[in-house]
Amino acid sequence: MTDQNPSTEGKAPTSRRPKIALLVAIILVVAGSTAVITGLLVNIFQRKQEAKNPYLRFVDVTNDTTDPAEWGKNWPREYDGYLRTVIPTRTKYGGGSASETMPPPEKADKNPWLTRMFAGYAFAIDYRDRRGHAFMLTDQESTKRTKERKQPGSCLHCHASVIPLYRQTGAELLPTAPPAEQIQKGFEAVSKLDYWEANAKLEKSGHKHPVSCVDCHDPKSMQLRVTRPGFINGIKALKAHEGIADYDPNRDATRQEMRSFVCGQCHVEYYCGPKTTLFFPWINGLKVEEIESYYDNYKFDDGHRFYDWKHAETGAEVLKAQHPEFEVWNQGTHAKAGVACADCHMPYMREGALKVSDHWVRSPLTNVNRACQQCHHYPEQEIVKRVVTIQDRHFALLTRTGNALVDMLDAIKAAKAASATDAQLEPILELQRKAQWRLDFVAAENSMGFHAPQELARILGESIDMSRQAQLAAVSLKMTLAQAAPKAVPPN
Amino acid sequence: MSAVGLGVLLGLGLFTFIYAEGFSYFTTDPKACANCHIMNSEYDSWVKSSHHIVAGCVDCHLPHALVPKLVAKAVNGYHHSKGFTFQDFHEPIMIKPHNSRILQEACLGCHAGLVHDIVAGSTTDANAVSCVHCHSSVGHGS
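Chains as they are written, first to last, in numbering that gives the first Met the number 0: chain L, 0 to 491; chain E, 0 to 141.
FYI, nobody ran anything at the bench for these hints, they're computed from the structure. Even glycine gets a Cβ: it sits at the ideal position worked out from N, Cα and C. Be a bit skeptical, because a hint or two may be false.
Said to hold, decoys possible - Which residues of chain L face chain E? A partial, calculated answer using Cβ under 7 angstroms:
#1 G31
#2 S32
#3 T33
#4 N42
#5 I43
#6 Q372
#7 Q373
Unchecked claim - Not everything, but these chain L residues come out facing chain E in the computed CB check (under 8 angstroms):
#8 V29
#9 I36
#10 T37
#11 L39
#12 R46
#13 V338
#14 A352
#15 N368
Stated by the list, open to error - A few chain L positions that, by computed beta-carbon distances, are all more than 12 angstroms from chain E:
#16 A50
#17 C371
#18 H376
With these hints in hand, go ahead and build the complete structure from the sequences.
Right, here's the structure in full:
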């Protein structure tokens with residue numbers, strides 16, 4: 000035993016060391032694995048929670064909560080998207096502000112004929128490209144159209160979260176009426192005010208926000224709903240025309256229809272005043288000539304036929320188209336296939352285990368993956384190319400139509416200079432009204448042709464035809480006048 | 000001491016496995032494929048599809064022979080858990096070429112007798128026509 004002692008003592012440190020090393024290795028491996036598994040456990044837990052709780056109501060929101068930040072406390076994901084609408088986006092033909100503080104360029108930079116078309120109207124002095132939802136109110140306050148020209152309070156119908164103001168104003172005038180009637184009454188009263196008066200009233204009411212959650216969502220159920228009186232009255236008239244009496248979108252529309260109707264509250268053609276309360280001209284249908292026929296038969300209170308303004312160069316009583324995205328989308332293949340505005344402009348996105356509608360409303364071209372590829376299983380570049388091809392062709396035709404309009408205006412001006420009488424000019428000015436209405440309807444529509452390429456090409460074709468007809472008539476009228484003139488005063 | 004540590008690790012691992020409904024992946028219940036919620040819309044639309052009475056997820060998305068089935072299950076299981084944990088996958092989800100071939104073979108597993116004249120080489124040729132190219136919604140939407 001004793002002679003073994005030295006050897007054991009000598010071996011002991013070497014045999015213990017690997018044991019310690021092994022122990023340390025086991026501890027490290029177990030610690031590492033435990034950390035990984037715990038991490039995984041927490042990750043799974045987090046996903047399960049996400050799937051369980053679509054939202055938590057931290058604050059109560061009501062029909063009077065117009066501040067989106069309040070809603071954002073309950074629905075932070077949607078609010079995050081909404082906030083992103085300040086970010087400037089640009090596609091080949093749309094947008095274009097360089098930063099959040101810079102306004103986008105004038106549309107006339109790209110389409111010089113716009114200034115001629117709008118001669119005598121506020122759009123001739125300032126008409127810029129679009130920005131995100133977040134800017135709708137500030138852009139309206141800073142445009143020369145409201146700063147240098149008198150505008151009615153009805154502009155707020157679509158540029159602010161205005162329904163509580165309508166309700167308050169209506170309640171003062173009709174204290175005992177049901178809320179829907181009060182809103183309608185308030186809408187009529189506020190629309191009659193001067194723009195800046197209405198704007199001040201809105202600020203005083205504490206509801207001065209651009210479009211907000213409450214405009215499209217029921218605060219109790221979060222279901223989609225429409226609130227704008229213009230749309231509610233307009234769609235009711237349209238459905239009555241289609242044979243459906245007493246249509247109420249909030250009661251009768253499907254969920255998928257509502258995903259377009261909420262956008263159709265504003266992205267439409269309308270008359271904004273001041274001669275009568277704002278209305279959507281849908282009584283004969285949504286197509287360009289159906290709207291035109293309604294305007295042509297509409298009489299103002301003074302008995303005069305409907306018109307927006309008198310053209311400064313020719314004196315024609317012309318129409319101004321707003322932005323008929325809803326009407327034009329309705330004529331396109333996507334609408335026919337049941338695709339809603341929100342499917343492309345607010346596509347579903349996934350955050351963890353949650354499915355969220357992207358509230359950063361914007362051009363699908365900046366979000367092709369989510370907006371298009373859900374249905375169109377082609378590479379992103381191929382999809383973009385197809386859209387740009389449509390838009391390039393559309394822009395070329397649009398420019399051609401604009402040039403035809405300018406040629407017509409020149410010819411009419413020349414005929415007027417040759418002392419054409421009002422009676423002689425009347426059929427020509429009537430053609431100008433029709434040609435201009437069609438061109439403006441297409442130009443004001445925000446999709447550069449994409450929402451319904453064939454329908455828009457048809458309208459532009461008609462516009463070119465009418466402009467050239469008017470030009471021909473004006474040129475021959477001028478020639479007739481010129482031939483008649485020397486006979487009246489023979490040269491000596 | 001290391002035994003205690005290993006025991007804790009084993010317990011934690013087992014708990015995580017059960018909590019994550021790990022055993023459901025040994026079944027053929029389509030609900031298991033929507034465990035992670037990513038496939039919710041696929042599951043919801045499968046319920047309403049024409050094939051839901053005759054085929055569940057695994058009938059079309061896994062090979063029918065035992066060994067290839069287990070291999071495909073393991074490979075896909077790995078990709079899915081990695082993707083969902085790190086949230087780094089392509090959206091919309093697109094089927095991988097290998098899985099696409101499995102799917103095509105599954106179509107033929109039932110329908111070969113009917114279509115053998117028109118789909119020659121459909122699981123081997125790169126440019127061959129695949130059934131779901133046209134019949135994209137028989138199984139589910141997206």
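Hint check:
Taken as an interface hint, G31 (chain L) does not check out: its beta carbon lies about 10 angstroms from the nearest beta carbon of chain E, beyond 7 angstroms. With a least beta-carbon distance of about 6 angstroms to chain E, the hint placing S32 (chain L) at the interface is held under the 7 angstroms criterion. Given the 7 angstroms rule on beta carbons, the hint for T33 (chain L) holds: about 5 angstroms separates it from the nearest Cβ of chain E. Nearest Cβ of chain E to the Cβ of N42 (chain L): about 6 angstroms, under the 7 angstroms cut. The hint holds.
With its C-beta approaching chain E no nearer than about 5 angstroms, I43 (chain L) sits inside the 7 angstroms limit, and its interface hint holds. Given hint, Q372 (chain L) at the interface with chain E, holds; its Cβ is 5 angstroms from that chain's nearest Cβ, closer than 7 angstroms. Given hint, Q373 (chain L) at the interface with chain E, holds; its Cβ is 6 angstroms from that chain's nearest Cβ, closer than 7 angstroms. Hint status for V29 (chain L): holds, given a least beta-carbon distance of 4 angstroms to chain E, under 8 angstroms.
Against a cut-off of 8 angstroms between C-beta atoms, the interface hint on I36 (chain L) holds, since the closest Cβ of chain E lies about 5 angstroms away. Checking T37 (chain L) against chain E: minimum C-beta separation of about 7 angstroms stays under 8 angstroms; hint holds. Satisfaction of the interface hint for L39 (chain L) is found here, the shortest Cβ-Cβ separation to chain E being roughly 6 angstroms, below the 8 angstroms cut-off. Residue-level restraint check for R46 (chain L) holds (minimum Cβ-Cβ distance to chain E is 7 angstroms; threshold 8 angstroms).
Look at V338 (chain L): its Cβ only gets to about 13 angstroms from chain E, farther than 8 angstroms, so that hint breaks. Checking A352 (chain L) against chain E by beta carbon gives a least distance of about 4 angstroms; that is within 8 angstroms, so the hint holds. Because the closest C-beta pair between N368 (chain L) and chain E is about 7 angstroms apart, less than 8 angstroms, the hint holds. Listed as a non-interface residue, A50 (chain L) fails to keep its Cβ farther than 12 angstroms from every Cβ of chain E; the least gap is roughly 5 angstroms.
Listed as outside the interface, C371 (chain L) is inconsistent with that label: its C-beta sits roughly 10 angstroms from the nearest C-beta of chain E, within the 12 angstroms cut-off. Consistency note on H376 (chain L): stated as away from chain E, yet its beta-carbon is not over 12 angstroms from all of that chain's, at 8 angstroms minimum.
Going down the numbered hints, you'll see the structure goes against 1, 13, 16, 17, 18, while the others check out.
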